[in-house]
Amino acid sequence: MDFQLSDEHRMVQQMVREFAEREIRPVIKEHDRAQKPIPWLFERMAALGLLGICIPVKYGGAGMDYISLGLACEELERVDSSLRVVMSVHVALNSLSLLQWGTEEQKQRYLVPQAKGEKIAAYALTEPGAGSDAAAIRTTARRQGDVYILNGEKTWISLADLADHFLVIAKTDPEKGHRGMSAFIVERSFPGVKTGTIHGKLGVRAGNTGWIVFENTPVPVENRLGEEGEGFYIAMAALDNGRYTVAAGATGLIRACLEASVKYANERMTFGRRIGEHQLVQEMIAKMAASYEIARLLYLRAGWMKNMGIRNTRETSLAKWFATEAAVQAALDAIQIHGAYGYSDEYDVERYLRNAKGEVIYEGTSQIHTPAGGIRPGLSQGSPPAL
Amino acid sequence: MHIVVPIKQTPDTTAVLTVDASGRISWGDAPLIVNPWDEFAIEESLRLKEKFGGKVTVITLGPESAKEALKQAVAMGCDEAILLHDPAFEGSDAVVTATILAAAIRKLGAVDLVFMGKESVDGNSAQVPPALARRLGWPLLAYVGKIREIDPAGRTIVVERILEEGRQVVRAPLPAVLSAMQMNEPRYPSFMGIRKAARMQIPVWTAVDLGLAPEQVGAAASAARWPVVFAPPKQEVQCEFIQGESPEEIARLLVDRLLAEKVL
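As given, the protein sequences belong to chains A and B, one line each in that order. The first sequence runs 20 to 406 under the numbering used here. The second sequence runs 927 to 1190 under the numbering used here.
These are calculated hints, taken from the structure and not from any lab test. From the three backbone atoms N, C-alpha and C, an ideal C-beta is built for every residue, glycine too. Everything hinted at is true.
Beyond 12 Å from chain B on every Cβ pair, some chain A residues (computed): (1) H50; (2) G171; (3) E172; (4) V212; (5) G295; (6) I304; (7) A308; (8) K376.
Capping the alpha-carbon separation at 30 Å, the derived lysine-lysine pairs in BS3-like fashion look like this: (9) B:K977 x A:K135; (10) A:K282 x A:K376; (11) A:K77 x B:K981; (12) B:K1033 x B:K981; (13) A:K77 x B:K1122; (14) B:K1122 x A:K135; (15) A:K306 x A:K376; (16) B:K1033 x B:K977; (17) A:K135 x A:K77; (18) A:K220 x A:K48; (19) B:K981 x A:K135; (20) B:K975 x A:K77; (21) B:K1033 x B:K1122; (22) A:K135 x B:K975; (23) A:K282 x A:K220; (24) B:K977 x A:K77; (25) B:K1160 x A:K282; (26) B:K1072 x B:K981; (27) A:K135 x A:K55.
Covered stretches of chain A (chain B as the covering partner; in silico rule of three or more C-beta atoms under 8 Å from a C-beta of chain B): (28) 22 to 28; (29) 32 to 46; (30) 64 to 74.
The task is simple: from the sequences and hints, build the whole structure.
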């Protein structure tokens, strides 16, 4: 067993850290305040190869592994969650699904430009009436000759207003429940596709989130991903990757809280001593440090399993559940340590809390992920770890 | 063109340096990085390679762990890397460092340009570039802020040097030794570069490989001595706000204070 990162992984970590520090950190606060995405973000992420980081070179990607994807997400979210959301949606939920389920033709047409960052991709499963209960979606795809006609509404879709391609899950056979779902690659330019932005979010304010409406949108049969009826499985497989990036990102958020807290605790004086010398402050920081390391080990194990091609739904779920819950606690404690300063946006920690709170809701709420929750097959059996 | 970039692995610029009672300097567990001044030289060399073709070889004198800095340079786009490492090299001062680097550059054969940072962020002596130029017998173009032109066929280079008095335009024959100021925005490593660097087996050249005798290198050969090493005394900084009724009055009071403190 080897717990060391390889040279390759360390260099990826260093490169992404420098990018986020140098280019994003100086501007993120103003974009978060204004609730406006950074306009040049995709261009820069594409230039660095991040938008195709773990897509094979032959499909236009950088050919790195899942550990690299995780490390990149950790470094990005250490600065802001909106950066990692791009990785979750564009790379993990959409592009990796095309890689896993797409035909060669679909890969050439959609995956290659996505991996190069020439086209931006999003994932559309959630609906106004269906979040945790994914099989309850009501968007329909009715076959009519060589096309499917899509009708319905998706909401809470990250990058809804910015993406060129959407991976849309819809019902092809509403009678069959989760076995009646199919997945489609939909282009923004297809007729009847409308999107809009959701304003007033608590967190990820520098990221775009919105809704999509399909009104008699014709989607060619060759844009169906997988077979008819495989949509639910494709959606869940996509989430195994998306949740991995959330887990890794939340780990970065914990580290951001830890770093900010240590710095502040070494500067701020009360009762003639630095606050870091008070045991109750030390305890909060110690818990952050512990949860950071636990979260990191959990996501790296999941990433390693992905590299090995081992089924990792349970391990990824556990990593996501733990890291996001710990991120919320770390952010709360970071604010506590910063006192009234932490309560204002003069410091970053309030942004960390607002961003962390979303993470225990999206890509499977904490309740869905709780191993004892008993909702998701595979988790409810109390199955032992694969390793 | 064959460009050689000698680099140094240094503590991160944010590292807090401490000196203990015996004069040992420590930067704790701060990460080690490629000397930021050298990064400008790497970037400029890569741009020259992209323009004129050829290759960029990066070398460093240091411990085994300095391979990490070399790999970083390869990940940025350098073609080859060589570590100069030998226990006998330990304790070499700037001039002896230049002797070792010069021996390595000669061993590399046809080299058109040696490009390095103007100094290292840890030693800050800025002695190695001139000493290296002297050892090689090549012209030194120190504190380069811009390369105006290079004529590989005519074997000349024209650069702008950044001096306290202003900019100086200098022409020199090639090969030459250049030291870089902040002259560009160093690129990030690419994923392709990272994969190449991770797999690269970096050769290690010892004193024997360089044809250097033990008495020519290391502490014994070095003229510089470090009889006392101490941390600079902490500067007590006091902040005083100048207040007044109007900007004019504040300015007048400020000038009075500056005159009283003999700043002006």
